[in-house]
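Novice: Let chain W serve as the given structure and place chain V on it in line with the hints.
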Amino acid sequence: MTTQLPPGMHLETVDDKIMTLNVGPQHPGSGHMRLIIKVDGDYIVSCDPDPGYVHRGEEKMAEYRNYIQNIPHLERPVIHDSSNILYPYCLGVEELLGIEVPERAKYIRVIAAELNRCIYILYWLAIYGIFLGHSTMFMWPAGDRELFIDLLEAMSGARVTHAYLVPGGVRNDLPSNFEERCLRQVEYFEKRLKEYEAIFYQNPLLKARTEGSGILSRTDAIRLGTTGSVLRASGVDFDVRKKEPYDVYENLDFQTIVMKEGDSYARSRVPYLEMFESCRIIRDALKKMPKSGSVRTKLKPNPKGGNDEVYRRVESGRGAIGYYIVSNNRPEPYRVKISVGSFRNLICMPYLLKGEKLGNMPAVYWGLNYWPVEADR
Amino acid sequence: MSNVIGIIRALNSGVKHLAVKRFTLRYPEQKLKFVGDGFQFNPETGVGIAGLRGRHILFHEHCTGCQLCSVACEGIAEAISMVKVHETWKHNKKAIMPQIDYGKCVFCGLCVDACPFYALYMTNDYELSSFTKSALIYTPAQLAIKPKISQDVEIKIDDRGASHG
Numbered sequence: 000m001t002t003q004l005p006p007g008m009h010l011e012t013v014d015d016k017i018m019t020l021n022v023g024p025q026h027p028g029s030g031h032m033r034l035i036i037k038v039d040g041d042y043i044v045s046c047d048p049d050p051g052y053v054h055r056g057e058e059k060m061a062e063y064r065n066y067i068q069n070i071p072h073l074e075r076p077v078i079h080d081s082s083n084i085l086y087p088y089c090l091g092v093e094e095l096l097g098i099e100v101p102e103r104a105k106y107i108r109v110i111a112a113e114l115n116r117c118i119y120i121l122y123w124l125a126i127y128g129i130f131l132g133h134s135t136m137f138m139w140p141a142g143d144r145e146l147f148i149d150l151l152e153a154m155s156g157a158r159v160t161h162a163y164l165v166p167g168g169v170r171n172d173l174p175s176n177f178e179e180r181c182l183r184q185v186e187y188f189e190k191r192l193k194e195y196e197a198i199f200y201q202n203p204l205l206k207a208r209t210e211g212s213g214i215l216s217r218t219d220a221i222r223l224g225t226t227g228s229v230l231r232a233s234g235v236d237f238d239v240r241k242k243e244p245y246d247v248y249e250n251l252d253f254q255t256i257v258m259k260e261g262d263s264y265a266r267s268r269v270p271y272l273e274m275f276e277s278c279r280i281i282r283d284a285l286k287k288m289p290k291s292g293s294v295r296t297k298l299k300p301n302p303k304g305g306n307d308e309v310y311r312r313v314e315s316g317r318g319a320i321g322y323y324i325v326s327n328n329r330p331e332p333y334r335v336k337i338s339v340g341s342f343r344n345l346i347c348m349p350y351l352l353k354g355e356k357l358g359n360m361p362a363v364y365w366g367l368n369y370w371p372v373e374a375d376r
Numbered sequence: 000m001s002n003v004i005g006i007i008r009a010l011n012s013g014v015k016h017l018a019v020k021r022f023t024l025r026y027p028e029q030k031l032k033f034v035g036d037g038f039q040f041n042p043e044t045g046v047g048i049a050g051l052r053g054r055h056i057l058f059h060e061h062c063t064g065c066q067l068c069s070v071a072c073e074g075i076a077e078a079i080s081m082v083k084v085h086e087t088w089k090h091n092k093k094a095i096m097p098q099i100d101y102g103k104c105v106f107c108g109l110c111v112d113a114c115p116f117y118a119l120y121m122t123n124d125y126e127l128s129s130f131t132k133s134a135l136i137y138t139p140a141q142l143a144i145k146p147k148i149s150q151d152v153e154i155k156i157d158d159r160g161a162s163h164g
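Protein chains in written order, with numbering that gives the first Met the number 0: chain W, 0 to 376; chain V, 0 to 164.
If you are wondering where the hints come from, they were derived from the structure by calculation, not from laboratory data. From a predicted model like this one, the values you see are computed outputs, not experimental measurements. Certain hints may be false.
List of simulated lysine-lysine pairs, DSSO-like, C-alpha gap at most 30 Å [to be verified]:
no. : chain 1 : residue 1 : chain 2 : residue 2
1   : V       : Lys89     : W       : Lys299
2   : V       : Lys132    : V       : Lys155
3   : W       : Lys336    : V       : Lys83
Among the chain V residues that face chain W by a calculated CB cut under 8 Å, a handful are [to be verified]:
no. : residue
4   : Gly35
5   : Tyr101
6   : Gly108
Cβ atoms here follow ideal geometry from the backbone N, Cα and C, with glycine treated the same way.
Extracted from the complex, chain V is given alone in its bound form:
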């Protein structure tokens, strides 16, 4: 008898959820809202600023071509290689800047920690899929573009349960 009651209780707790809001995020119609504009790092204090670790953004006016990001990536993903750019900057005599292969990148963000010149940050852009491998290699010019991301939904918690938007 106690078994029957137990089964009824178990079924009942499942049936109750017919009236509860659906938790599923309807991606890509809905997209999650993130904290801040991506992971950033302050080399003066040595502490980062919270944010999503998505694809990088490179500020050409700050990059000196010091290769510290590339050195930091050695032994982790080896995704960063330094390439020639056809730009003339006073602080970048060698005219080299990082090029990132997102087929290899693990998004650990240690290259951002390594940059002492506020030149390399990460952004909220996480939709990087492509049909070819070569399209995953982002040149310095591509990395300089600020991504346009729509973020609208957050987890909402009320009496009827948790849901997205």
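Pulled out of the complex, with its shape left as it was, chain W reads as follows:
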């Protein structure tokens, strides 16, 4: 006897050969998210990403707090990359309130953003290593990350959630011996980065697992709207820092890293090569930075924006982050919409995993530079 199901509900037809696997939602490496994977033997037939387990309502919270009070909670989605996720918010609010930023503050913000990008990429690389069973590659980046965390701690006073960038500049000036210390640690770090090459990137075991898996073609990368390192690994020369330079990026000397292959290996290598560029930017910014001057424009208490709207975006560790801010003559913003790279890169996961071996799933998944907490906001 068959029971009549209510309209809109249907039972899935079961195929004996196909098995459904739930990867997650308990923390498959980053934050809570679930991949519903159907496998035929060892091969993936379909993949359905299921985000939304760590939704925090950041956008709604921002409507009840003034422009300064928004700072600590807006950096919570990505605490490892907290300067970069605050950067577009600060740029947008400065445009809304009509604030001029001192020249020295612009350079300091760029240095903080690049240090934070390195911190994020090293954390990402550590998890990428342990996902592929390479425990040395977990220990090394996690240790070297301390160098940059220490630098940002000296700058901002906090190890992870810096709350350093504010509309109008930065919270405080650099400590006295910062430049010398920063140059020494960046130089040492570049030496260390070269060691990663032999143990990880030229390692035949890694190459065998990642080369040729999860290929995303150039046209697909553009069509699916991917961003950041995923887009650049597929051969598209797009970097917000180059194409729409903000603050002082147009004065600084760096290149965009582009690779043509579009496979997992290229996606893991692009962020690694970007760290060299970040080091170049930090060194260049320290050289060109004005040696003295104000670092913060004084704001009125409870500043109000006019009837206006603004959209600003920056390049973060995971791609372009954009803030759309609407104000209506009140101290609080009327609406804050955050467009993040993680969510846009998640879209291509079903396309990449189809036909892959299940064992390659972690490499493809983590190579997309997807951060669940940021995607859910």
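Specialist: Chain V in isolation, oriented as in the chain W frame:
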């Protein structure tokens, strides 16, 4: 053949590190050195002074009980509440001062930015763990005590690599 060479190279780069100094900080035997005496703020220029954002220090002789720190914390952590103190200060008629709940505080330091009277700063003290929740609530009298912190090690970089002390 190239695979074998690649694996040998990878192993070799790992083996080399047997001779390299250990990077690990041996906490709590060693403690990191920080810049300055904690995060401070100059309300005249509107710019802070670099330092670690640890627990607060409250200068009773400057605090006027204006509640600006408490207002700044609303909507962020709601860790600061104003409580009565049994002290008589000419500039603090209401005799209220901030009490901070470190179970809630996120150490953003925006309360320090809000204080216009040089009364609330942050210190290098970051070891605040306790066995009870109530011990995390610091009264104005506890906040006035200057913490005693030993800081000795810095990151040292030489030919044999980076290490702590």
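Novice: Please name the hints from earlier in the document that this structure breaks, with their numbers sorted from lowest to highest.
Specialist: As far as the earlier hints go, 2, 3 and 5 are violated by this structure, in ascending order.
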